[in-house]
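Asker: Model the full structure from these sequences, guided by the hints.
Quick note, the sequence shown lines up with residues 1212 to 1513 if you use this note's numbering.
Bear in mind the hints are in silico, worked out from the structure with no lab data behind them.
Keep in mind that a hint or two might mislead.
Claimed, not checked - For lysine-lysine, the following DSSO-like pairs were computed, each having C-alpha atoms within a straight-line distance of at most 27 Å:
(1) Lys-1492 to Lys-1418
(2) Lys-1277 to Lys-1214
(3) Lys-1492 to Lys-1427
(4) Lys-1492 to Lys-1288
(5) Lys-1302 to Lys-1214
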Amino acid sequence: MNKLSIWLKAARLRTLPLSISGILVGSAIASMYGYKDYIIFLLSLCTTIGFQVISNFANDYGDGVKGTDNQDRIGPKRVLQSGLLTRKQLKNGIYIAIGITSVLVLTLVLYSFGVKNWINILLFLGLGVLSIWAAIKYTVGKSAYGYRGLGDVFVFVFFGLLSVLGSAFLYTKHITSIAILPAITVGALSTGVLNLNNLRDYLSDQKAHKNTLVVKMGYENGKLYHYFLLFIAFASLCIFTILAYKNWISLLPLLILIPLVFHAVVVIKTKDPIKLDPELKKLALATFFMSVLFYFCYNYFL
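Answerer: Structural data, given as structure tokens:
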């Protein structure tokens, strides 16, 4: 395997569609109010991908150093675990990703707010720094919050609320209360993907003393929590659709109900945590599918 393939493997490209879902939804909300700017859109996508790559590199590094990625791991083998990259190489990769993403953040906020709006510039630069910190501290360090059952909170906030509301604000320079509803949808579905990961890794995480929320509450309670996340996500989307309804095209994002129902049935029937692995991709793609529908419906047809 050549170096480029190794770094692409470490970047985990399959996780990127989920990471940009909030940007798609936030941009569509801005379009509802007449705000469109494809440079903001492109820069937002690139910045969010940067945050995700930092997170993936750091997650690989943190779990590898702690020994969580071992022979008990169910998902795809990590690059540090497999010996494809050394600790030093992966750490350097994290630094480079941070540097590139920091430039993207600075470019995005300066383009969006201009050079005179220092309050918003400082606010969003601070959020950028916080996002980088959150991406790293999920598994890296003794106080890694992913090992204390706090990963769900951070995913909901950063993948949902901050991604949707923050991206919409870059266009509109204000936040509307109705925008919170699709932000909750994206946040709950993204948290559901993490919860599926934790359900799948329930036994190995127990052995490695990685105290995720599922480890704390138990496998069956973790499944009940998963159904709650799916319900909150769809209910929030339904309420938003009712409030923002214009014509039948507004209903298209609700098609996510179909894959969510099939997914929930599989989770209900699954007793062996290992067999939940395929459901991660399905839920992530369903979330992305909903976000794409949302973007095109509200950006072009409504």
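Asker: Now, for every hint given, state plainly whether the structure supports it.
Answerer: Comparing the hints with the structure gives:
1. Our distance criterion of 27 Å between C-alpha atoms is met by Lys-1492 and Lys-1418, whose separation comes to about 25 Å.
2. With a C-alpha separation of about 24 Å, the suggested pair Lys-1277 and Lys-1214 falls inside the 27 Å cut-off, and the hint holds.
3. At most 27 Å may separate the alpha-carbon atoms for a hinted pair to count; Lys-1492 and Lys-1427 meet this at roughly 24 Å.
4. A threshold of 27 Å between alpha carbons decides the hint, and for Lys-1492 with Lys-1288 the separation of about 16 Å falls inside it, so the pair holds.
5. For the hint linking Lys-1302 to Lys-1214, the alpha-carbon distance of about 15 Å falls within 27 Å, and the restraint holds.
This entry satisfies every hint, going by the numbered hints stated previously.
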